[in-house]
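Colleague: Chain by chain, the residues run as shown.
Protein chains: 2
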Amino acid sequence: MPELRQNLISRDWVIIATERAKRPEEFVKRKEQKPLPEYNDTCPFCPGKEDKTPPETFRIPASPAGGGDKKPWQVRVVYNKFAALACAGEKTRNINGICRSMNGVGIHEVIIEHPKHNALTALMTESEVANIIRTYKNRYLAVQQDKRIESITIFKNHGASAGTSLEHPHSQLIATPIVPPQVRQRVTEAVNYFDDTGRCVFCHTLQEELKAKERLVVETENFVAFIPYAALSPFHTWIFPRRHMASFAQINEAEITDLAGNLKNVLSRFYYGLNNPDFNYTVRSIPLDNRESDYFHWYISLIPRVSQTAGFELGSGMFINVALPEESAGFLRKVKLP
Amino acid sequence: MPELRQNLISRDWVIIATERAKRPEEFVKRKEQKPLPEYNDTCPFCPGKEDKTPPETFRIPASPAGGGDKKPWQVRVVYNKFAALACAGEKTRNINGICRSMNGVGIHEVIIEHPKHNALTALMTESEVANIIRTYKNRYLAVQQDKRIESITIFKNHGASAGTSLEHPHSQLIATPIVPPQVRQRVTEAVNYFDDTGRCVFCHTLQEELKAKERLVVETENFVAFIPYAALSPFHTWIFPRRHMASFAQINEAEITDLAGNLKNVLSRFYYGLNNPDFNYTVRSIPLDNRESDYFHWYISLIPRVSQTAGFELGSGMFINVALPEESAGFLRKVKLP
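Protein chains in written order, with the numbering used here: chain A, 29 to 366; chain B, 29 to 366.
Just chain A, same shape as in the assembly (with noise of 0.2 Å):
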């Protein structure tokens, strides 16, 4: 018998499909992969063309001695090219009958993670992810300062299928001058729960995955990564803080080493298991009006891109999944490391 489950969190229904679940082996990829080489030179992202891209926001220099613009770096955050909204104009909203609209201000950044064209991750030392997540931080805190900006999304694309034609490896911000209704809503959900409970539903479905270890993937000291109950998709992971953090602005220097070492651990696992999927990762974050607060808890969501969305999804809202998140979990813990 099938069986639907509710998300706590997002209060969204999934159906566990298990009349056509798949074994966990069947969602690795076939394809064989050429490797990229480690320098490519019609890439703007790869060293030797900074003057090529839109203005540096920030960088890690490669040595502790840093240096001007030419010198080697580690990470760099550009503006976006092509950017979805403008960095400058004013934040006006504009009702005409059925047409509200706003201007596109917002900010919309590019995290060039590696100077290496080929990096992956997974593959990278624990101490370059810390750099990425550092860099992270830095750009949020620098953003939450402008005063048109409502929320904040972090995320990267690996991969065609997750969206991304660009090989080299980055991370993209997007803030935005408007709260999204699917984060809001989140939040409504939240301090609802928290009216019921007088607990933050976050921290209390990370105590209940602890307690019941099945859907576990990666505890380290301050993160826990896990299948959440009712996952939308095959191998959907979370990452939470342990400690309760409303905004991933503070992440502090202890804990930024710490998730290094478990979303490396997890991203080794999906490119060790699964053989180098497609892949989104996003970090979900408190809005800005809002930045402390006893009810919201930060989290990074990872999404292999391992099956496809379809008409029913489109139109119900509601995922069909056709991985048992316990197996799932199971298989993930299993992968061997080298």
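Hints were generated in silico from the structure; no laboratory data involved.
Quick caveat, the model's predicted, so the values are computed rather than measured.
Among these hints, one or two may not hold up.
All copies of an identical chain are treated as equivalent in the list; a pair is satisfied when it fits inside any one copy or across any two copies.
[What the hints assert, rightly or not] Simulated pairs of lysine to any residue, SDA-like, Cα-Cα distance not exceeding 20 Å:
1. K364 - T192
2. K77 - V350
3. K99 - P83
4. K109 - V350
5. K109 - H196
6. K59 - Q173
7. K57 - N68
8. K62 - D79
9. K109 - E66
With chain A held as given, fit chain B onto it using these hints.
Modeller: Chain B alone, transformed into the frame defined by chain A:
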């Protein structure tokens, strides 16, 4: 300057990314497509293998004379062999700590749209398309008698990137024992709009789109196809009935004939204009607990798969549309049909 647009009906915001916008021609599928055969011996939906499919729930015979199982048919409906939900069983809810679940009972049917393996809705006759819609209505009316069912989603997946690997033309019906939260939320928004204005938000939208004209695609006697002002993706199209009807079940025979012409026309514009793109469409209707209402209005939503959602969409629930709705509609209006 990019523009943020809000969908009045769903409250979703979309970024219309003018800085990275593409011309309509850039969305035309470049891949060459191998023509499919009229009959495929390994296809379970091709005629002659009727006894190999799960039980049939409905059929439209090829000639009015009808006849037995082996006689030619125009449309057939069978239970899905790999059903996401089980037909038999009680609706029971289980709450165990953070784990909220339900028995996965419901109905999952496959509508085999045409006996020919290579038939395409865009190229069928209008009367063949009308038979498909007639079948949708028959199944909707039959399934809504089941007391366990709360909501019915009818949808079609065409092509691999739209989530199907089965080539034979087919649609699906999934009837769920809960109202999906996305559907429930839209009903709530529609009720609020009705409270505030005394109007159906769908009727109001249609009236304004008919006045504005620039986003219209196809007008027929009873239906209007247009690209919504805040379309989430390139060529995202809605077909609204002109008459106020909350439930798809209320469509009458004259409207079925007219919708067949409108739907075929829109899909032909996709087929000839965008080179047979993969697409999904879905019939959005009111949940069954509220079949007649002044505030809700059923419609069809069509999504050609010409772009890819990525981390930003997953992380925020907001979309970035790299096509201007007005330009996309103009392009579709100008497609030359044979």
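Colleague: Against the structure, test the hints numbered earlier, and report the numbers of the ones violated in rising order.
Modeller: 1, 2, 6, 7, 8 and 9
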